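Visitor: Put chain R on the given structure of chain A with help from the hints.
Chains A and R supply the protein sequences, listed in that same order.
The opening position of the first sequence corresponds to residue 1 in this note's numbering, with each subsequent residue numbered one higher.
The opening position of the second sequence corresponds to residue 1 in this note's numbering, with each subsequent residue numbered one higher.
Since the hints were made in silico from the structure, they are not lab data.
This structure is a prediction, so every number in the text was calculated from the model and none was measured.
Think of the CB as a built atom: it goes at the ideal place given N, C-alpha and C, for glycine as much as any other residue.
Don't take each hint at face value.
Here chain A is said to cover these stretches of chain R; the calculated rule only asks that three of the stretch's residues, wherever they fall, bring their Cβ under 8 angstroms from a Cβ of chain A [claimed, not checked]:
#, region
1, 23-31
2, 45-54
3, 64-75
4, 79-86
5, 93-103
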Amino acid sequence: MTMLASLTTPVPGIALAASGGGGLTSPLQAALVVALVAVGTFFLLVGVVGLVRLPTIYNRMHATSKATTLGASSMLLAGVLYFGGDGDGLAALVAIGFLFLTAPTGAHMISRAAQKMGVPFEDGVTWPGED
Amino acid sequence: MRDLGVALAASEPLGGLAQTAIGVGLVVAAAVTLVSAYRVVAGPSTPDRVVALDTIGTNVVAIAALYAMWTSEGLFVIVALVLAIIGFVSTIAVARFVTEGDIIE
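Pulled out of the complex, with its shape left as it was, chain A reads as follows (with noise of 0.2 angstroms):
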């Protein structure tokens, strides 16, 4: 918390903008950005990846809806960092309760769709307990 505190502490002989300003102030907080970032880039990389490449909706259900949701959850909690714990940083931390929240409730609505429209499961699977 005492790093969150640093970090909403103005940057002296610049006249921040009105929207809370933010910036980086550290070197930790600069290396934080740049993992998260990092991590996030790869998390988006791999749901598309998935996306394009597996066979059936529900395949592809499986990859997007959750590795897509950590890479903007990881990019939102960048944001975070680099606007400290208040204001701006404050709703990126509400975005990601809401991403974590929705995406897997909008994924079930969508899958539930799917199975109701008669999309067929990849061949040779059937739902547990039929046979």
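Guide: This is chain R only, laid out in the frame that chain A set:
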């Protein structure tokens, strides 16, 4: 605001590296969003297209968050939050339309 971000980045140790990493992340996220448009065009069924559009929405949230850091302009974090909300509502609306035949009975 772009100039402020660069000035801040140049004045700090590791700040230039962070600016570079955010730029690379922006390019990769944009490219990946473009690639997932392939599934919107080609995807054989409607739910395939919905999943692809949902993925594009999540990617744009990530791009907005990156752009907020790239420009040091915190307003784009709010843009990311609102885009996440709109993406969720549209996904639910399409899923309900496909299953029930209408959105609000």
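Visitor: Of the numbered hints stated previously, which ones are contradicted by the structure, given in increasing order?
Guide: The structure conflicts with no hint, since it agrees with every one listed earlier.
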